[in-house]
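Chemist: Each chain, letter by letter, is given below.
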Amino acid sequence: MVTRKAGDGVTGKADMVTQEAGDHVAAALELAREIAAAVPDPELPMVTLADLGILRRVTAEDGRVVVTITPTYSGCPALREMAHDLRYRLARAGFADVIVRTELVPAWSSDQITPEGRAKLQAAGIAPPHPVRPDQGRPGQGPVPLPLTMALPKFVACPRCGSLDTERTAAFGATACTALFRCRTCREPFEYVKDI
Amino acid sequence: MTDDDDFAAYQSLAEETEDHRWAFGTGFSDPLEGIDTSVPAGVDGAALAAYCLALGDDALIYSHRLQQWVTRMPELEEETALANIALDLLGQARLLLSRAGQAEGAGRDEDRLAFFRTEGDFRNVRLVEPADADFAELAGRLLIFSAWRLALFGELTGSADPVVAAIAGKGVKELAYHRDYAAQWVIRLGDGTALSHARMQAALAAIWPLVDELFRSDAVAARLPGVAADPAGLRAEVDGVLDAVLGAAGLDRPTGAPLAPVAGQAGREGVHTEALGYVLAELQSVARAYPDATW
Numbered sequence: 026m027v028t029r030k031a032g033d034g035v036t037g038k039a040d041m042v043t044q045e046a047g048d049h050v051a052a053a054l055e056l057a058r059e060i061a062a063a064v065p066d067p068e069l070p071m072v073t074l075a076d077l078g079i080l081r082r083v084t085a086e087d088g089r090v091v092v093t094i095t096p097t098y099s100g101c102p103a104l105r106e107m108a109h110d111l112r113y114r115l116a117r118a119g120f121a122d123v124i125v126r127t128e129l130v131p132a133w134s135s136d137q138i139t140p141e142g143r144a145k146l147q148a149a150g151i152a153p154p155h156p157v158r159p160d161q162g163r164p165g166q167g168p169v170p171l172p173l174t175m176a177l178p179k180f181v182a183c184p185r186c187g188s189l190d191t192e193r194t195a196a197f198g199a200t201a202c203t204a205l206f207r208c209r210t211c212r213e214p215f216e217y218v219k220d221i
Numbered sequence: 570m571t572d573d574d575d576f577a578a579y580q581s582l583a584e585e586t587e588d589h590r591w592a593f594g595t596g597f598s599d600p601l602e603g604i605d606t607s608v609p610a611g612v613d614g615a616a617l618a619a620y621c622l623a624l625g626d627d628a629l630i631y632s633h634r635l636q637q638w639v640t641r642m643p644e645l646e647e648e649t650a651l652a653n654i655a656l657d658l659l660g661q662a663r664l665l666l667s668r669a670g671q672a673e674g675a676g677r678d679e680d681r682l683a684f685f686r687t688e689g690d691f692r693n694v695r696l697v698e699p700a701d702a703d704f705a706e707l708a709g710r711l712l713i714f715s716a717w718r719l720a721l722f723g724e725l726t727g728s729a730d731p732v733v734a735a736i737a738g739k740g741v742k743e744l745a746y747h748r749d750y751a752a753q754w755v756i757r758l759g760d761g762t763a764l765s766h767a768r769m770q771a772a773l774a775a776i777w778p779l780v781d782e783l784f785r786s787d788a789v790a791a792r793l794p795g796v797a798a799d800p801a802g803l804r805a806e807v808d809g810v811l812d813a814v815l816g817a818a819g820l821d822r823p824t825g826a827p828l829a830p831v832a833g834q835a836g837r838e839g840v841h842t843e844a845l846g847y848v849l850a851e852l853q854s855v856a857r858a859y860p861d862a863t864w
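Quick mapping for you: the protein sequence lines, in order, are chains X and B. Okay, so the first sequence: first residue is 26 according to the numbering used here, each after it adds one. Okay, so the second sequence: first residue is 570 according to the numbering used here, each after it adds one.
No wet-lab data here; the hints were simulated from the structure. Please note that a few of the clues may not be correct.
Said to hold, decoys possible - Stretches of chain B that chain X covers, calculated by requiring three or more beta carbons in the stretch to come under 8 Å of a beta carbon on chain X:
#1 695 to 703
#2 756 to 765
#3 812 to 821
Unchecked claim - Cβ-Cβ distance ranges computed for the label pairs, FRET-style:
#4 B/D690 x X/P140: 27 to 35 Å
#5 B/Q834 x X/L56: 58 to 66 Å
#6 B/A791 x X/E128: 27 to 35 Å
#7 B/Y859 x X/C211: 48 to 56 Å
Stated by the list, open to error - If you only want the chain X side, here are some residues facing chain B, beta carbon under 8 Å, derived:
#8 S99
#9 C101
#10 A118
#11 T127
#12 L129
#13 L171
#14 T194
#15 A196
None of the values given here were measured: they were computed from a predicted structure. Where a beta carbon is used, it is the ideal one built from N, C-alpha and C, also for glycine.
Construct the entire structure; sequences and hints are all you get.
Modeler: In structure tokens, the structure reads:
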């Protein structure tokens with residue numbers, strides 16, 4: 026029976042056993058991180074959980090891998106699939122005992138989508154979100170102002186032809202995180218990841 | 570990226586798992602899994618459970634009413650919008666009912682609370698119960714509901730219960746979007762043709778008697794200082810929003826008298842309109858017919 030030190034499991038073990046074993050645990054955790062980061066989003070499979078900012082962190086507790094994710098929207102049905110896919114892929118790599126945790130604070134924002142994620146969305150024909158306006162539903166900032174014009178981001182560029190002459194055809198799209206747009210230049214419809 | 574990567578999310582559904590899922594999006598686990606759900610010191614756990622139940626019931630019943638519009642909307646885009654709004658509210662309901670079950674500590678999970686309570690045990694406000702008579706009523710009720718809930722959740726982002734604060738923090742973003750959507754339609758109908766204006770005005774008159782109840786003092790909230798929001802304190806913000814929208818829409822603020830509580834009791838005390846029974850009959854029928862089923 027070993028005595029655990031305070032702090033997270035990896036550091037504790039590395040201190041207790043040998044430096045070599047510590048390196049081994051660190052390497053395993055790094056592998057788990059890579060695998061978790063590469064899990065595709067079930068609704069937008071061209072981007073990963075890391076690209077979308079859904080993956081918050083991968084840590085170790087008592088020798089188990091703990092993956093912490095955050096939902097984009099409260100009712101996002103994909104969250105369950107993400108947890109399942111994380112467990113499946115990590116199990117395939119030998120991590121049998123994985124805990125997937127949900128974290129609600131801070132709430133997900135489209136600002137957390139990485140530059141790589143935005144580039145991948147754009148390449149797949151989905152317009153990435155504009156930065157969230159400072160007055161847009163930040164907790165603790167007092168009443169949310171009512172714009173009376175449906176909070177339209179300026180200049181959503183067509184992801185296909187780059188034209189700025191686009192219009193929104195629907196405030197909500199096929200998934201919780203998108204709205205529908207149409208390009209007036211190339212006439213193609215496209216999705217826009219809502220800025221929240 | 571390989572094909573394997575593209576489809577692994579779906580392939581993994583075919584794996585034998587412990588959760589017996591049968592379709593995408595099923596096999597629900599506790600939506601608060603991995604979140605610290607201990608009740609903070611000094612907070613009345615029973616009152617917290619009752620409070621979360623009421624806020625969860627508002628979202629659950631209204632989500633179901635919105636879902637009933639799916640396949641009946643005038644345009645596909647609007648139907649998608651309503652389905653998305655209903656989904657957001659269902660997500661809020663799941664989080665809140667789960668929180669209620671944990672704070673109660675009697676082993677009831679979200680499904681137990683949603684599907685195996687009778688009318689008198691529901692604590693939602695009566696505003697969410699009636700079926701909308703037409704699209705104008707849908708837009709009006711959605712505007713009032715989302716303006717009120719946004720004001721409420723705005724207050725709750727500072728709740729002393731960290732779980733309630735977290736749920737509210739997510740919900741604020743969603744509700745702001747819902748409110749914008751509803752406001753757009755109220756303005757478009759109110760400021761549209763003579764017919765659309767008349768129907769929007771009539772719709773507001775039909776809903777108005779249920780508005781007063783949203784701001785009634787609440788015995789449960791009173792037991793939760795620092796955790797719950799005082800309903801009366803939300804009135805100024807909601808009135809300001811409604812006045813701004815009605816003004817832009819050229820609509821008059823209705824003057825109809827509030828629907829009185831029954832012997833001092835309304836939705837928050839479990840006294841409902843006749844409409845709630847019909848919602849529950851549909852909402853609960855499958856779970857009650859197959860009580861051992863999982864989904």
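Chemist: Let me know if the C-beta of X/A118 comes in closer than 8 Å to any C-beta of chain B, holds or violated.
Modeler: 13 Å, violated
Chemist: Does the region 812 to 821 of chain B contain three or more residues whose Cβ lies closer than 8 Å to a Cβ of chain X?
Modeler: holds (count 3)
Chemist: If you take the shortest Cβ to Cβ gap from X/T194 to chain B, is it below 8 Å?
Modeler: The hint holds - X/T194 has a Cβ within 8 Å of chain B, the shortest such distance being about 6 Å.
Chemist: For the hint on X/C101, does the least C-beta distance to chain B fall short of 8 Å?
Modeler: 7 Å, holds
Chemist: Tell me if the interface restraint on X/S99 is satisfied: Cβ within less than 8 Å of some Cβ in chain B.
Modeler: This interface hint holds because 3 Å falls under the 8 Å limit.
Chemist: Under the criterion of a CB-CB separation shorter than 8 Å, is X/L129 in contact with chain B as hinted?
Modeler: 4 Å, holds
Chemist: Does the hinted range 48 to 56 Å hold for B/Y859 and X/C211 at CB?
Modeler: 50 Å, holds
Chemist: Between B/Q834 and X/L56, is the Cβ distance one that fits in 58 to 66 Å?
Modeler: Holds, since B/Q834 and X/L56 (Cβ atoms, about 59 Å apart) stay within the stated range.
Chemist: Does X/L171 pass the interface check with chain B, least Cβ-Cβ distance below 8 Å?
Modeler: Holds: closest Cβ of chain B sits about 5 Å from X/L171, inside 8 Å.
Chemist: Between the beta carbons of B/A791 and X/E128, is the distance compatible with 27 to 35 Å?
Modeler: About 31 Å separates the Cβ atoms of B/A791 and X/E128, which means 27 to 35 Å holds.
Chemist: Do at least three Cβ atoms from the region 695 to 703 of chain B come closer than 8 Å to Cβ atoms of chain X?
Modeler: violated (count 0)
Chemist: Please verify the coverage claim for the region 756 to 765 of chain B: does it have three or more residues whose C-beta sits within 8 Å of some C-beta in chain X?
Modeler: violated (count 1)
When the structure is compared with the earlier hints, violations turn up for hints 1, 2, 4, 10 and for no others.
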